[in-house]
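**Student:** One letter stands for each residue in the lines below.
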Amino acid sequence: MHLLLDLFLTFAKIGLFTFGGGYAMISLIERSCVETKRWITHDEMMNVTVLAESTPGPIAINCATYVGYKQKGLIGAVAATIGIVLPSFCIIFFLSLFLDHFLEIPWIAHAFRGIRAAVGILILDAGLNMIRKMKKKPLPVTLAVCAFLAVLVTDLLAARMSSVALMLFAAVVSLTVFLVKRDPGKEADK
Amino acid sequence: MIFLDLLLGFLKVGLFSFGGAYGAIPLIRDVVLDHGWLEEDILTDMIAVSESTPGPIMVNLATYVGSSQAGFPGALTATAAVVFPSFVIILALMILFRKLTGIPLTQAILGGLKACVVGIVTATGIMMIFKTCFGTPGMFSVDETALCLTAVLAAGYFGSRKILKRGISPIALIGLSAAAGILVYGWR
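Heads up: the protein sequence lines correspond to chains A and B, in order.
Residue 1 is where the first sequence starts when you use our numbering, and the numbers rise one by one after that.
Residue 1001 is where the second sequence starts when you use our numbering, and the numbers rise one by one after that.
No lab work stands behind these hints, which were simulated from the structure alone.
It should be emphasised that the depicted structure is a prediction, and the values quoted were computed from it without experimental measurement.
Fair warning: there could be bad hints in the mix.
Capping the alpha-carbon separation at 30 angstroms, the derived lysine-lysine pairs in DSSO-like fashion look like this [unchecked claim]:
| no. | chain 1 | residue 1 | chain 2 | residue 2 |
| --- | --- | --- | --- | --- |
| 1 | A | 133 | B | 1131 |
| 2 | A | 70 | B | 1012 |
| 3 | A | 135 | B | 1165 |
| 4 | A | 72 | B | 1012 |
| 5 | A | 136 | B | 1012 |
| 6 | B | 1162 | A | 136 |
| 7 | B | 1165 | A | 13 |
| 8 | A | 136 | B | 1165 |
| 9 | A | 133 | B | 1012 |
| 10 | A | 135 | B | 1012 |
Take these sequences, add in the hints, and give me the full structure.
**Tutor:** This is the structure in structure tokens:
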């Protein structure tokens, strides 16, 4: 089979059959790209995962772009990325046409009232997981606590805090602390 | 113009969503609520739908928001915008600076970003639970039914990990909560 088509179809299959996003997709990508197709090695897969965690955007997209580029350059990256996005795009677009009518049916509306309770729990769980994996050093902990309080307090006052502004602020603080810490260290070395 | 708003809004989401899908949810909430594109309730429903349908959650949310605001072209714009930054960044890293992520300076910036995301996501989760049980700030009222439902679901979800090896999966929790919702709210 033509490699481009193969890339597209392989990632479309991954996009179609992985529920829950993120890490669920990584195990499937590993199975097809490392074990079945042998497009990348296991070590490379580990590197992509680390790279994906330090870059923004959906992790599955990062992986698809990486594998596609590795196999067939820019056009390969495009084929793999479109492949992984297309199935969910079609499904959600189709759903979006009917969701409003759907929600008017009483028992479905009741189901969604129940689901709303679950979504908050899932997001809180994701946050708690991040806390567990976080480096427990003074600076990250302080930044996390400040961000936490900023969001909570502004939300309770019915105002909105821009997450992007908070993140940029945290990045600047972290960078400043890094630079300040490094300089005296260097002089001490001399 | 709606297409420009969708494009810029979701480029921002794609560019700043560190920490996977859940890191993106607070950003998507910001963009959607600031523009008044969707009611908060509908957005929460859609997060559940995105979690229960295949594919990356933030792509699903972008497609839905785009479609609800401007039909097919809107869905296409928002989806392309949310994917574009990570696509370009990975390519750039592969072509130009493969070692960039190892540099201490980059690590310092990323460390700050990620620590901030931890706080934002945790606070968002708490606020969403709070709003389900006590209504929106400014007009608080205790919704006993939602409060009980949340408590039971949370106890089941976190408690199941003590008994089962991996606990209840997120999709199973959504399924259970839907069934519970039909029972509790349909009963009255």
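**Student:** Would you mind marking each hint as holding or not holding in the structure?
**Tutor:** Quick rundown of the hints versus the structure:
1. Among the hinted pairs, residue 133 of chain A with residue 1131 of chain B is consistent with the structure: their alpha-carbon atoms are about 27 angstroms apart, no more than 30 angstroms.
2. Annotation: proposed proximity of residue 70 of chain A to residue 1012 of chain B holds, straight-line Cα distance about 27 angstroms (limit 30 angstroms).
3. With a C-alpha separation of about 26 angstroms, the suggested pairing of residue 135 of chain A with residue 1165 of chain B holds against the 30 angstroms cut-off.
4. Pair hint residue 72 of chain A plus residue 1012 of chain B holds up; C-alpha atoms about 29 angstroms apart against a cutoff of 30 angstroms.
5. The suggested pairing of residue 136 of chain A with residue 1012 of chain B holds, with an alpha-carbon distance near 29 angstroms, which does not exceed 30 angstroms.
6. Annotation: proposed proximity of residue 1162 of chain B to residue 136 of chain A holds, straight-line Cα distance about 25 angstroms (limit 30 angstroms).
7. Under the criterion of a C-alpha separation no larger than 30 angstroms, the hint pairing residue 1165 of chain B with residue 13 of chain A is consistent with the structure, at around 29 angstroms.
8. Note on residue 136 of chain A and residue 1165 of chain B: the hinted pairing holds, with a Cα-Cα distance of about 26 angstroms set against a maximum of 30 angstroms.
9. With a C-alpha separation of about 26 angstroms, the suggested pair residue 133 of chain A and residue 1012 of chain B falls inside the 30 angstroms cut-off, and the hint holds.
10. Distance hint between residue 135 of chain A and residue 1012 of chain B is fulfilled; the C-alpha atoms sit about 27 angstroms from each other, no more than 30 angstroms.
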